[in-house]
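Asks: Protein chains in written order, with our numbering: chain A, 1 to 244; chain B, 245 to 575.
Since the hints were made in silico from the structure, they are not lab data. Owing to the predicted nature of the structure, the values given are computational and were not obtained by experimental measurement. Check the hints yourself; a few may be wrong.
[Unchecked claim] Below, simulated DSSO-like cross-link-like pairs (lysine-lysine); rule was C-alpha separation at most 27 Å, straight line: (1) A:K223 x A:K78; (2) A:K223 x A:K190; (3) A:K78 x A:K107; (4) B:K347 x A:K78; (5) A:K225 x A:K186; (6) B:K377 x A:K69; (7) A:K116 x A:K6; (8) B:K347 x A:K69.
[Unchecked claim] Which chain B residues face chain A? A few, computed with CB under 10 Å, are given here: (9) T301; (10) G372; (11) G376; (12) N441; (13) H442; (14) Y450; (15) P465; (16) L518; (17) G520; (18) N524.
C-beta: ideal position from N, C-alpha, C; glycine also.
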Amino acid sequence: MTEILKLSKIYKSFGAVQALIDFNVSISAGEVVGLMGDNGAGKSTVLKIVAGNFLPTSGNINFSNNEVKFNNPNDARKSGIEVVYQDLALCNHLTAAKNIYLSRELKRFGVLLDHKKMNEKSRILLDELNSSARPDDVVTGMSGGQRQAIAIARTRLSNPNIVLMDEPTAAVSVAQVPVILEYIKKLQGKGIAVLLISHRLPDVMTVCDRVIVMRLGEKVCDKLKIDCTPELITGLITGAIQNA
Amino acid sequence: MNLLEVFTGPKQGAVADPRIAKIRSRLNSLAVFFIVCILWISLGIATDTFATAQNITNVLRQSSLWSIIAIGQTVVLITAGIDLSIGSVVGLTSCIVALMLNKGYPISVSCVFTCLCGLGVGAVHAFGITKGKLPPFIMTLAGLTTWFGVGLLITGAMPIGNLPADFKAFSRGDVLGIPNLFLCVIAVMIPTYIILNHTRLGNHLYAIGSNRPGAELNAVPVTRTIYFAYMYSSFLASIVGILVAARLSLGIASNGFTWELQAVASSVIGGTSLFGAVGNVFGPVLGATVLSTINNGANLLNVQSYWQRILTGVIIVAVVFFDQIKNKGTK
């Protein structure tokens, strides 16, 4: 499989805190990789470096075999990286459609917003995710599942090479979890790689091909799912097992 | 849809019906309009002079100047910022335009240069806020005293008069009975409405006010958008500086003194939230009309001017208090 993303010797520090230490990973097209770890393990830092929110203190990022430097989220997006953030990064006062199209608004006459088209296309995207959210309703007051659907719908606006998802099933109803997992499989079917950060072991074991475990900023495991057991992963996360 | 929720709001802990929320928002906007109507009818009944063409024109003239700066303030407030320098920028720019006219520059050149100065002032504020990471309150509070000082410095604290008759005539003139100053408000409202409601820039202004970190994660050009907000506010303040110099026939640094408070008050009375992301172009105009009507009515009823200031303060506190209650849970 073609390698899409490769992080080599990534270090990241915030003042005296070493958030990432010699982090290496390679992800291929159509591969779903689960990234697990306890709070503060460095998972979200990895995601934010790939998404262009943070620059690494040192190390290299290769994307589609080119060395890249993402100075901001727009750089990453242009390269074909879409992200679903843990806090969803939604603007409560904007409508669902305006949130989905935020910074990628559709225009008519080159200047004016095309509200109608944004609403219509958002309706289609939300329907595909079985969401009851209405495109022209403001996000304030929407349920966790509706909000999650809006955040995920954003990833459908482009043809990404990789989708980064930070706890996409954390705030949704039990009924909506399979819809999101099914969506991840659909992405995989289209040859799109997915990096899935999750605390939910069943989700990771259901959709991922490979599991990476982090502890205190370091990678302690990078194995195919078939070589992992729930006990092994839990042991690695808690530190009961040091390395695997 | 439970129509009772239109008046009571959603039950505690319940998810708000977006359709109800929409109706409530529309009613909020209309409330200020009804307040203006009630004030005008009451003053029309209580006094003989309020409902005269000349007095209504005066109210519109006064509210026009406040409306324009309040529209600028609204754009800044939507980003969850604040511009406390507006009054001083009005004063400074009235001095700049008066000095240039006094030195014989053509009216057009003087006005364009003054507006450029306004844009420059806004850029300085935005630079401090985005690059210097200063809170907007501090940056523009510093601007309030700095620009007032600059105004005093360039004029030697003296009023600059002897302005051309054509320049003075504009602010006192009218078209078909509508004061030119009010036409200026309309000329400012139209592009602002389009920007806020129908452009990417407007969407980004609301996004930043609603969730700035979220907007950054979504690749919204936050710095550029904040530059626009503060430059637009100062630009509108410079237009008011020109208009006030024309209206009073002089440029003086104390023109527009404390008008930043009128701008904030007009904006929040008109439904703009001090917490960001809520506001439209009609609210500040209605808010300014409420304030100028109160001032005008108080004069006609021989109420001491001190009471007008006290009343304005009480209104601001009351409106922000209710805004705070309304905002709980939306951030």
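Asks: Each hint needs a verdict: does it hold in this structure or not?
Replies: Each hint tested on the structure:
no. : hint            : result
1   : A:K223 x A:K78  : violated (30 Å)
2   : A:K223 x A:K190 : holds (23 Å)
3   : A:K78 x A:K107  : holds (19 Å)
4   : B:K347 x A:K78  : violated (53 Å)
5   : A:K225 x A:K186 : holds (19 Å)
6   : B:K377 x A:K69  : holds (25 Å)
7   : A:K116 x A:K6   : violated (40 Å)
8   : B:K347 x A:K69  : violated (54 Å)
9   : T301            : violated (35 Å)
10  : G372            : violated (22 Å)
11  : G376            : violated (20 Å)
12  : N441            : holds (8 Å)
13  : H442            : holds (5 Å)
14  : Y450            : holds (6 Å)
15  : P465            : holds (8 Å)
16  : L518            : violated (14 Å)
17  : G520            : holds (8 Å)
18  : N524            : violated (12 Å)
Hint compliance for this structure: hints 1, 4, 7, 8, 9, 10, 11, 16, 18 are not met, and every other hint is.
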